[in-house]
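Chains as they are written, first to last, in full-length UniProt numbering: chain A, 1 to 463; chain B, 1 to 463.
To be clear, the hints were calculated from the coordinates, so they are not data collected in a lab.
The structure displayed is predicted, hence computed values, not measured ones.
Even glycine gets a Cβ: it sits at the ideal position worked out from N, Cα and C.
Do not rely on the hints blindly, as some may be mistaken.
Said to hold, decoys possible - Below are the SDA-like pairs computed for lysine to any residue, each with C-alpha atoms no more than 25 Å apart in a straight line:
no.: 1; chain 1: A; residue 1: K110; chain 2: B; residue 2: L135
no.: 2; chain 1: A; residue 1: K321; chain 2: B; residue 2: V83
no.: 3; chain 1: A; residue 1: K9; chain 2: A; residue 2: P89
no.: 4; chain 1: B; residue 1: K412; chain 2: A; residue 2: E80
no.: 5; chain 1: B; residue 1: K154; chain 2: A; residue 2: E132
no.: 6; chain 1: B; residue 1: K321; chain 2: A; residue 2: V83
no.: 7; chain 1: B; residue 1: K194; chain 2: A; residue 2: Q184
no.: 8; chain 1: A; residue 1: K406; chain 2: B; residue 2: D81
no.: 9; chain 1: B; residue 1: K419; chain 2: A; residue 2: I82
no.: 10; chain 1: B; residue 1: K15; chain 2: B; residue 2: P55
no.: 11; chain 1: B; residue 1: K408; chain 2: A; residue 2: I82
no.: 12; chain 1: A; residue 1: K419; chain 2: B; residue 2: I82
no.: 13; chain 1: B; residue 1: K16; chain 2: B; residue 2: K116
no.: 14; chain 1: B; residue 1: K110; chain 2: A; residue 2: R150
no.: 15; chain 1: B; residue 1: K406; chain 2: A; residue 2: V83
no.: 16; chain 1: A; residue 1: K287; chain 2: A; residue 2: K151
no.: 17; chain 1: A; residue 1: K151; chain 2: B; residue 2: L135
no.: 18; chain 1: B; residue 1: K410; chain 2: A; residue 2: P87
no.: 19; chain 1: A; residue 1: K147; chain 2: B; residue 2: I148
no.: 20; chain 1: A; residue 1: K15; chain 2: A; residue 2: K154
no.: 21; chain 1: B; residue 1: K110; chain 2: B; residue 2: G120
no.: 22; chain 1: B; residue 1: K151; chain 2: A; residue 2: D144
no.: 23; chain 1: A; residue 1: K406; chain 2: B; residue 2: V83
Stated by the list, open to error - From chain A, some residues computed to sit far from chain B (all C-beta separations above 12 Å):
no.: 24; residue: A168
no.: 25; residue: K194
no.: 26; residue: G242
Protein chains: 2
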Amino acid sequence: MFDHQIYIKRREELKKKFKSGLLLFLGNDEAPINYPANTYNFRQDSSFLYYFGLPIPNLAGIIDVDENKEYLFGYEYTLEDIVWMGPQPKLAELAERVGVQNSDSISNLKKFLKTKVSKGVKIHFLPLYRGEHNLKLASLLDDDPFKINRKASKKLIEAVVEQRSVKAPEEIAEIEYALEIAYQMHTTAMRMAKPGLTENDIYAALNGIALSLGNGVSFHPIISINGQTLHNHFHGNQLQEGKLLVCDAGAESYEFYSSDITRTIPVGGKFSQRQKDIYEIVLTAQKNAINMIKPGVKHVDVHLTAAKIIAAGLIQLGIMKGNPGEAVKAGAHALFFPHGLGHMMGLDVHDMEGLGEQYVGYDDKTKRSEQFGLAYLRLAKELKSGFVFTCEPGIYFIPELIDQWKAKKKLKNFINYDKVEEYRNFGGIRIEDNILVTENGYKVLGRLIPKEVSDVEAAYNAV
Amino acid sequence: MFDHQIYIKRREELKKKFKSGLLLFLGNDEAPINYPANTYNFRQDSSFLYYFGLPIPNLAGIIDVDENKEYLFGYEYTLEDIVWMGPQPKLAELAERVGVQNSDSISNLKKFLKTKVSKGVKIHFLPLYRGEHNLKLASLLDDDPFKINRKASKKLIEAVVEQRSVKAPEEIAEIEYALEIAYQMHTTAMRMAKPGLTENDIYAALNGIALSLGNGVSFHPIISINGQTLHNHFHGNQLQEGKLLVCDAGAESYEFYSSDITRTIPVGGKFSQRQKDIYEIVLTAQKNAINMIKPGVKHVDVHLTAAKIIAAGLIQLGIMKGNPGEAVKAGAHALFFPHGLGHMMGLDVHDMEGLGEQYVGYDDKTKRSEQFGLAYLRLAKELKSGFVFTCEPGIYFIPELIDQWKAKKKLKNFINYDKVEEYRNFGGIRIEDNILVTENGYKVLGRLIPKEVSDVEAAYNAV
Chain A
1 MFDHQIYIKR REELKKKFKS GLLLFLGNDE APINYPANTY NFRQDSSFLY YFGLPIPNLA
61 GIIDVDENKE YLFGYEYTLE DIVWMGPQPK LAELAERVGV QNSDSISNLK KFLKTKVSKG
121 VKIHFLPLYR GEHNLKLASL LDDDPFKINR KASKKLIEAV VEQRSVKAPE EIAEIEYALE
181 IAYQMHTTAM RMAKPGLTEN DIYAALNGIA LSLGNGVSFH PIISINGQTL HNHFHGNQLQ
241 EGKLLVCDAG AESYEFYSSD ITRTIPVGGK FSQRQKDIYE IVLTAQKNAI NMIKPGVKHV
301 DVHLTAAKII AAGLIQLGIM KGNPGEAVKA GAHALFFPHG LGHMMGLDVH DMEGLGEQYV
361 GYDDKTKRSE QFGLAYLRLA KELKSGFVFT CEPGIYFIPE LIDQWKAKKK LKNFINYDKV
421 EEYRNFGGIR IEDNILVTEN GYKVLGRLIP KEVSDVEAAY NAV
Chain B
1 MFDHQIYIKR REELKKKFKS GLLLFLGNDE APINYPANTY NFRQDSSFLY YFGLPIPNLA
61 GIIDVDENKE YLFGYEYTLE DIVWMGPQPK LAELAERVGV QNSDSISNLK KFLKTKVSKG
121 VKIHFLPLYR GEHNLKLASL LDDDPFKINR KASKKLIEAV VEQRSVKAPE EIAEIEYALE
181 IAYQMHTTAM RMAKPGLTEN DIYAALNGIA LSLGNGVSFH PIISINGQTL HNHFHGNQLQ
241 EGKLLVCDAG AESYEFYSSD ITRTIPVGGK FSQRQKDIYE IVLTAQKNAI NMIKPGVKHV
301 DVHLTAAKII AAGLIQLGIM KGNPGEAVKA GAHALFFPHG LGHMMGLDVH DMEGLGEQYV
361 GYDDKTKRSE QFGLAYLRLA KELKSGFVFT CEPGIYFIPE LIDQWKAKKK LKNFINYDKV
421 EEYRNFGGIR IEDNILVTEN GYKVLGRLIP KEVSDVEAAY NAV
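Chain A on its own, in the form it takes in the complex:
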């Protein structure tokens, strides 16, 4: 945990945005795997962590704006518990660790909220994403568990998103540490990308590294020789010489901040000329996109720049045709680059995604496109100093998508479908780094993980 002053400051800042009301942050509970007592690794809710820091189940944090008071509600351990669990801190001591003055048993929370509601106090809460929470909050507020989520507070969402979007130095340090773990993970993957090993051998090794240096992986790693399948969580294939291995994996720091890195590695350690051609396009797109990053730039324009470079590269190879700008305007590049360039990062690897992408990545000045590909862009709005997000262009040859487009002769003025067929079994390439917007430009966070063709090849042979 950070120093308690940090949490006090964060809550003060949030409080300033409200004239009245009660801000309720429900911490997460244990999540059962296959029966109540066998639970997944506990993960605290990220907004709770941001304002109340404690990585412990069954807590609720409250900011009472009207009375200018803060509360921690939680479970007070009994002597019986302590016999089984060892010495446990008192609730008041936990509250003190995050600078909260008042604490009480969670069993009194319902009565506490009821009294407030009866006085006409508005209870602000964030969107819920676990069924347990729908039940819990509905029970606390005597509301309908099926409908309560619709009552999440837009005002609180907007205030939290505004605050969490700008990363403080202690947060950036955590992301850098998560990136140091990612460095170890990805350079290990590069050394392990040998024919005969399986995707799962690497998957298991990366999980082990992430657990040994931090809290574990920040999301299911994608370790796949079928990188063209974007949502691919299967990792049972054997690595074959000549295939490209997409490794999209990050770690969580001890303070629950994420990293999210992708590298694409030639199985056997040597890119073919054809692979190199595509790889260099993706890398050029990424470097140029990163170079544009500074406060005031709209991220949708960064995305479109990357798309144009991809289109230009594919035109040079004869896979696309026509003018790159027009091709991108028409959305033709999306056959090969169908996803967004990046997303916010922080306490969540897709930071604050649970609060709503429309608040995190868009605003009144930037509306979501409806075009295939561009519609998937998670972050489009104007960049501010302190934003941290991913930059992850890619080129994929997705047989199912190619067939779909080809059958309709979609955008045939920009796509050379005959040439595309030659790449049908190519797979996919993605290169991803994590970027901080600084006052005047950007900083690529973390130690440089090999990404030049020659560096990736050299990393394969490193001892």
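Use these hints to put chain B onto chain A, whose structure you have.
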């Protein structure tokens, strides 16, 4: 997955126990970590796995007893999904894999159930353990999500427990494979128990091994130099020479069967005489308990035999006093051995615990004791051929419990509190293996993981 004949046979056997009604098995859904799209490793519900085999989210399996029909309800992937996820099997094909004739979209399940209910058909379902499921089932049946769990079918619970309790050869083979993974994990832990390393180094390594050879760990491993704290999931301590490291860890096979092994290792590879004295008592208790196992024996008697051997051993060391049989009758041993000797194992590491321990471990002939210690015994009833369970006696010196008892001079005729104080910082020792009840006796499953003092010491030095 097993051959579809196995699932057909299991469902046939279950069906025979019902004259009428509809048996509904809800499969698990994805479980969000910190926002809806970032999910934990998917784990299918164990009873769903047992009867319908498919390790895929968002399914429901139905056995319609009256019409003698079976159904699989699930999500039919769209072309859009396939673009992102790669080729996906059709629902009908999934159903076929487990020998189910009928399949339909999950969106039609509510209507299907409503029609049945309107005809007076009783819907039998098992207890729910995830909030999402309370909401889902309540929505399907137009019921109250807060109360629906009380309507779980006792008849279905009893039928499922009876069937799942007796393991078939293909299940035992899976448990043996999970134990082979455990062998790799525990011998690795023995080699790693070196001063200067941390508990977490071992924790991470064991997780990596479990993922590389199977589905990962079957429960949070306990890797602790404070083994006296029974529910200890902290693993941040550094290993110190002279301490005992309790490693309680198991793996899940590819077919989702568990192993659950405990070994206690002297940090630095050499037991002290004092450690050896206690260790040998635990080991003797375990061996004698295992030797008693055969059909017809009540497991509570196996537990009490282990307790008596522990009491006798502690009397010999002067820690307890009086007659071992009387001490155990009075419950005095429970200061040092406060938990049960074992629990059922299978698709859940505490097999079927979510269905209710009163059904799994107790029956009309065997009621739960109220005595401290014995009350925690999960499996007490008469053993049958085909049962698989753990045998895990232990001796612990729990400072908080010692203080509690000593203050009350509890059972002071059996406990030499002055002598106990000498062991205050001893820690704990537990030794656990997994046992199958055979037709005439028992079989300790899996490869022998070092447990004799000399073997554990030798394993520390193995390359």
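Violating hint indices (sorted, rising): Number 16 only.
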